[in-house]
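Colleague: Residues per chain are reported as follows:
Number of protein chains: 2
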Amino acid sequence: MYDRLKGFRDFYPEEMAARRAVIDTLEDAAARYGFREIDTPALERTEMYVDKSGEGIVEELYAFEDQGGREVSLTPELTPTVARMVVAKQQALSKPIKWVSTRPFWRYEQVQQGRFREFYQTNVDIFGSAAPEADAEILAFAADALTDLGLTDDDFEFRVSHRDILGELFRAFDADVDERDAIRAVDKREKVDRGEYLGLLSDAGLSYDQAESFDDLVTAADLDEIAEFGGSEVEAAVGNLRNVLDAAADFGAGEFCEVSLSTARGLDYYTGVVFECFDSTGEVSRSVFGGGRYDDLIESFGGQPTPAVGVAPGLAPLSLLCQRAGVWPEESLATDYYVLTVGDTRDVAARIARDLRGGGNVVEVDVSDRSFGAQMNYADGVNAETVVIVGERDLENGEVTVKDMASGDQTTVPAESFPGDARSPTFADFE
Amino acid sequence: MYDRLKGFRDFYPEEMAARRAVIDTLEDAAARYGFREIDTPALERTEMYVDKSGEGIVEELYAFEDQGGREVSLTPELTPTVARMVVAKQQALSKPIKWVSTRPFWRYEQVQQGRFREFYQTNVDIFGSAAPEADAEILAFAADALTDLGLTDDDFEFRVSHRDILGELFRAFDADVDERDAIRAVDKREKVDRGEYLGLLSDAGLSYDQAESFDDLVTAADLDEIAEFGGSEVEAAVGNLRNVLDAAADFGAGEFCEVSLSTARGLDYYTGVVFECFDSTGEVSRSVFGGGRYDDLIESFGGQPTPAVGVAPGLAPLSLLCQRAGVWPEESLATDYYVLTVGDTRDVAARIARDLRGGGNVVEVDVSDRSFGAQMNYADGVNAETVVIVGERDLENGEVTVKDMASGDQTTVPAESFPGDARSPTFADFE
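Chains as they are written, first to last, in full-length UniProt numbering: chain A, 1 to 431; chain B, 1 to 431.
Hints were generated in silico from the structure; no laboratory data involved. Remember, predicted model here, so these are calculated numbers, not experimental data. Hints may contain errors.
As the list claims (entries may be wrong) - Chain A residues, not near chain B, derived (Cβ > 10 Å throughout): (1) M1; (2) E44; (3) Q91; (4) S94; (5) D187; (6) Y197; (7) E228; (8) E258; (9) V327; (10) G408.
As the list claims (entries may be wrong) - Some but not every residue of chain A turned toward chain B, in silico, with C-beta under 10 Å: (11) Y2; (12) K6; (13) E14; (14) M16; (15) R19; (16) L43; (17) E47; (18) G56; (19) Y120; (20) G128; (21) D153; (22) D154; (23) F251; (24) D347; (25) V362.
To be verified - Straight line, CA to CA, 20 Å or less: simulated SDA-like cross-link-like pairs of lysine to any residue: (26) B:K52 / A:D3; (27) A:K95 / B:A374; (28) A:K95 / A:D295; (29) B:K95 / A:N377; (30) A:K89 / B:M48; (31) B:K89 / A:E385; (32) A:K95 / B:A17; (33) A:K95 / B:Y378; (34) B:K52 / B:F64; (35) B:K89 / B:G302; (36) A:K6 / B:G128; (37) A:K95 / B:D369; (38) B:K95 / A:S368; (39) B:K95 / B:D296; (40) B:K188 / B:V259.
Beta carbons: idealized from backbone N, C-alpha and C, even for Gly.
Let the hints inform the model, and build the full structure from the sequences given.
Modeller: Shown next as structure tokens:
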């Protein structure tokens with residue numbers, strides 16, 4: 001007997017039915033906004049990740065040398081791959097480019113609740129627009145997807161921030177600030193105590209007083225005050241954030257957005273608006289997912305300068321939120337019909353099953369040469385709504401029995417006229 | 001600029017739309033038979049493949065040592081994984097177990113037409129039934145899937161064989177035959193010349209005369225003659241093959257099946273009925289896909305003896321057949337509406353777009369702050385059926401313009417009542 005690898009999961013049908021319902025909901029929401037499905041390789045050259053994130057990333061990767069001597073990695077995220085794809089067909093692709101895909105990614109990291117080594121994300125991105133409507137459409141898609149899942153504004157919120165507000169604020173202080181370290185410090189604000197947080201800011205170059213002023217500005221989140229403090233560059237960033245929020249309100253996502261400047265997102269490549277989705281009740285304590293603008297990445301991959309913005313809900317953290325809110329889909333099978341054979345009636349049963357499948361129904365028949373009772377048990381186990389009993393004796397009278405599994409009621413109907421013209425006839429149609 | 005790995009593919013939206021349509025068709029056909037979706041890891045322990053296929057398999061694998069020192073491989077096929085999953089929950093799973101999944105697999109091999117290092121398959125399997133109806137249901141699913149794609153019995157055929165007929169025939173000769181080598185020789189019959197084929201049979205232990213007799217029997221495919229020649233074991237296998245074909249006929253797949261005993265399938269783990277799907281015109285010269293019975297695998301994986309039968313259409317060879325037959329879906333985008341803004345009309349345009357999306361439509365709006373002409377070009381590029389023009393001047397009169405993109409016809413309608421109660425109103429509803 002072989003064991004499964006740690007951090008990897010087998011999804012059996014019941015659990016998969018719920019996951020499929022959630023993935024379909026996310027993808028349907030994206031499709032209605034005109035995001036187009038793409039599909040992408042599971043392996044890429046390792047250098048793509050090292051160039052983007054530094055040698056340190058290799059420890060978190062499933063990286064290896066292939067039989068042809070290439071250094072390759074299982075893709076830990078989609079963004080570098082879609083950037084590569086945009087660059088490869090830059091001239092041919094009309095802008096804005098709007099892509100969606102759902103697939104697994106892999107990172108070698110500690111396994112914990114809601115975090116696995118193989119994890120699934122739905123990536124949704126817009127390339128080629130710097131306009132605030134692009135950021136807003138990403139927020140609106142995310143809001144629609146979550147409300148389609150049954151979540152409400154009591155369940156989730158988008159904490160929206162802006163990298164340039166933070167960056168320009170740092171520059172507005174009379175200090176030599178390492179912006180990257182400072183942004184990382186902000187990203188840790190909620191995860192460490194206040195002393196450690198201020199210490200990280202001062203490691204990044206702010207004096208202790210400056211760090212306190214910075215934190216006061218950021219937590220008050222008074223955009224007028226911030227614009228006034230920081231000068232024209234901060235003003236421009238504040239203006240962009242406001243434009244995005246206005247567009248998001250027009251697009252129907254306003255009620256879910258709140259300004260939260262201490263939301264910084266850890267990833268280095270973000271450039272403008274960034275946001276994270278949180279459980280409003282706080283019961284799921286970590287960010288559920290996040291997104292934002294990354295206007296420099298395509299150029300750094302060798303392409304024409306191309307603004308970009310995206311979001312990538314992960315299925316595992318999303319399932320924690322949905323389960324907390326009581327909207328995770330039921331983990332059970334659904335079957336429209338079981339066509340049960342008693343005696344030598346396979347030809348008639350098969351004809352009925354085919355006709356019912358022609359109506360788009362899920363229809364099972366006996367493929368195990370089993371008894372009436374065993375077939376009925378199986379039909380019950382797959383939650384068949386209706387069982388059609390095709391028995392030798394009934395057939396002598398040209399009849400089959402239609403049984404409603406919920407009530408146990410049954411009636412006989414002429415075999416020849418079943419299912420007839422109805423797509424999905426049930427007991428109720430014959431009583 | 002980074003390059004893609006050899007044998008891996010990027011699927012851009014147009015091509016992906018066609019692939020998605022084909023995958024949906026396969027999965028819908030499987031769902032109607034009550035096959036239940038599962039999902040499975042991309043990585044497994046390498047020993048699982050070595051134990052099943054020998055050390056030689058490692059050369060064809062993306063095999064490596066992970067950061068934790070485990071020998072792992074990218075899954076080259078699904079069967080060992082589903083066997084592992086069946087064994088892991090043997091007691092809890094009610095039989096028959098009927099599973100379906102579509103996902104990529106990986107093999108390090110020579111790239112050629114219709115063969116890639118990353119390739120997609122839809123795997124459909126039944127565990128727990130030795131009855132001929134199980135084999136027949138797999139054939140019937142495959143036939144339904146292909147006819148749903150628009151293929152007819154002029155396009156494809158299932159060449160059906162039986163491992164035990166071949167095995168018992170070898171045993172019926174007075175010779176010391178290595179059955180595995182002999183089956184492999186049969187599998188090569190169509191790929192090598194007659195001399196080499198007979199040579200391979202004689203390497204496997206038949207004399208030259210026996211090899212010729214064997215080949216005569218196999219190619220004549222007269223089941224009565226074969227049953228008579230081989231004794232009771234061959235007779236039993238012939239009986240099983242006939243029962244499967246009878247059931248397949250009842251299940252509606254009869255017209256696609258023909259007995260072809262020289263179809264042996266290369267994989268060693270098949271045990272009973274095996275079959276391959278071929279292009280009837282021969283234009284696609286290789287087998288499109290294949291399947292069959294593998295009753296011993298679960299036990300060899302440490303489980304209770306559990307009969308099994310399955311099929312795994314691959315998307316790349318299937319696309320060759322569909323393209324040859326002219327039924328590969330159109331590689332193009334589909335968009336129901338583009339809501340075009342002229343001037344400061346974003347709020348009204350956004351409201352209309354949301355209402356249309358509420359009706360399940362694919363609706364794009366401007367997210368790039370572009371001119372009328374640029375928006376119209378984009379709408380044309382995504383094949384929008386209807387463009388709703390929300391212009392400042394029209395809105396002063398409380399109107400928007402509805403334009404049919406195919407004919408170019410347009411008319412004004414009251415903005416407030418659009419889209420109204422209709423889910424998908426078009427120009428034709430207002431003219």
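Colleague: All hints are to be evaluated individually against the structure, with a verdict given for each.
Modeller: So, going through the hints one by one against the coordinates:
1. A beta-carbon of chain B is positioned within 10 Å of the beta-carbon of A:M1; the least distance is around 4 Å.
2. The Cβ of A:E44 does not lie farther than 10 Å from every Cβ of chain B; its closest approach is about 7 Å, which violates its non-interface assignment.
3. Interface exclusion of A:Q91 from chain B stands, the closest Cβ pair being 13 Å apart, more than 10 Å.
4. Look at A:S94: its CB is around 5 Å from the nearest CB on chain B, not clear of 10 Å, so calling it non-interface is violated.
5. Its beta-carbon lying about 25 Å from the closest one in chain B, A:D187 satisfies the requirement of being farther than 10 Å from that chain.
6. The claim that A:Y197 lies off the interface holds: its Cβ sits roughly 31 Å from the closest Cβ of chain B, which is beyond the 10 Å cut-off.
7. Under the 10 Å C-beta cut-off, the non-interface status given to A:E228 relative to chain B holds; the minimum distance is some 27 Å.
8. A:E258, annotated as away from the interface, keeps every beta carbon of chain B farther than 10 Å; the closest lies near 20 Å.
9. Distance to chain B confirms A:V327 as a non-interface residue, since its nearest Cβ pair spans about 19 Å, more than 10 Å.
10. At the 10 Å boundary, the C-beta of A:G408 stays outside the reach of chain B, the nearest C-beta of that chain being 21 Å off.
11. A distance limit of 10 Å between C-beta atoms decides the matter here; for A:Y2 the minimum to chain B is near 5 Å, and the interface restraint holds.
12. Interface restraint check for A:K6: the shortest CB-CB distance to chain B comes to about 8 Å, inside 10 Å, so the restraint holds.
13. A least Cβ separation of about 8 Å between A:E14 and chain B falls short of the 10 Å threshold, and the interface hint therefore holds.
14. Interface hint at A:M16: satisfied, since its Cβ lies 5 Å from the closest Cβ of chain B, which is below the 10 Å cut-off.
15. A hinted interface residue such as A:R19 counts as satisfied when its beta carbon comes closer than 10 Å to some beta carbon of chain B; here the least separation is about 7 Å, so the hint holds.
16. Given hint, A:L43 at the interface with chain B, holds; its Cβ is 6 Å from that chain's nearest Cβ, closer than 10 Å.
17. The closest approach between the C-beta of A:E47 and any C-beta of chain B is roughly 7 Å, which is under the 10 Å cut-off, so the hint is satisfied.
18. Annotation: A:G56 was flagged as interfacial toward chain B, and the flag is violated, the nearest CB pair being 13 Å apart, outside 10 Å.
19. For the restraint placing A:Y120 at the interface with chain B, the shortest Cβ-Cβ distance is roughly 8 Å, inside the 10 Å limit, so the hint holds.
20. Residue-level restraint check for A:G128 holds (minimum Cβ-Cβ distance to chain B is 7 Å; threshold 10 Å).
21. The beta carbon of A:D153 comes no nearer than 16 Å to any beta carbon in chain B, farther than 10 Å, and the hint placing it at the interface is violated.
22. Proximity of A:D154 to chain B is violated relative to the hint, the smallest CB-CB distance being about 21 Å (cut-off 10 Å).
23. The interface hint given for A:F251 is met, as the beta carbon of that residue sits about 5 Å from the closest beta carbon of chain B, less than 10 Å.
24. For A:D347, the interface hint holds, since its Cβ comes within 10 Å of a Cβ in chain B; the closest pair sits about 5 Å apart.
25. For A:V362, the interface hint holds, the least distance from its beta-carbon to any beta-carbon of chain B being 6 Å, beneath 10 Å.
26. Taking the CA atoms of B:K52 and A:D3, the gap is about 15 Å. The hint holds against a cut of 20 Å.
27. At most 20 Å may separate the alpha-carbon atoms for a hinted pair to count; A:K95 and B:A374 meet this at roughly 10 Å.
28. Between A:K95 and A:D295, the direct Cα distance comes to roughly 14 Å. Compliance with the 20 Å bound is thereby established for this hinted pair.
29. A threshold of 20 Å between alpha carbons decides the hint, and for B:K95 with A:N377 the separation of about 11 Å falls inside it, so the pair holds.
30. The hinted pair formed by A:K89 and B:M48 fails the criterion: a straight-line CA distance of about 40 Å is larger than 20 Å.
31. Proximity of B:K89 to A:E385 is assessed by CA-CA distance (about 26 Å); at most 20 Å being required, the pair is judged violated.
32. Under the criterion of a C-alpha separation no larger than 20 Å, the hint pairing A:K95 with B:A17 is consistent with the structure, at around 19 Å.
33. Between A:K95 and B:Y378, the direct Cα distance comes to roughly 8 Å. Compliance with the 20 Å bound is thereby established for this hinted pair.
34. As the CA atoms of B:K52 and B:F64 are separated by approximately 18 Å, the hinted pair is consistent with the 20 Å bound.
35. Of the pairs offered as hints, the one joining B:K89 and B:G302 holds, with about 12 Å between alpha carbons and a cut-off of 20 Å not exceeded.
36. Pair hint A:K6 plus B:G128 does not hold up; C-alpha atoms about 28 Å apart against a cutoff of 20 Å.
37. At roughly 12 Å between alpha-carbon atoms, A:K95 and B:D369 fall within 20 Å of each other, so this suggested pair holds.
38. Taking the CA atoms of B:K95 and A:S368, the gap is near 9 Å; set against the 20 Å cutoff, the hint holds.
39. Proposed proximity of B:K95 and B:D296 is supported: the alpha carbons are some 17 Å apart, at most 20 Å.
40. Simply put, B:K188 and B:V259 have alpha-carbon atoms about 17 Å apart, close enough for the 20 Å limit, and the pair holds.
Taken one by one, the earlier hints fail for this structure at numbers 1, 2, 4, 18, 21, 22, 30, 31 and 36, listed in ascending order.
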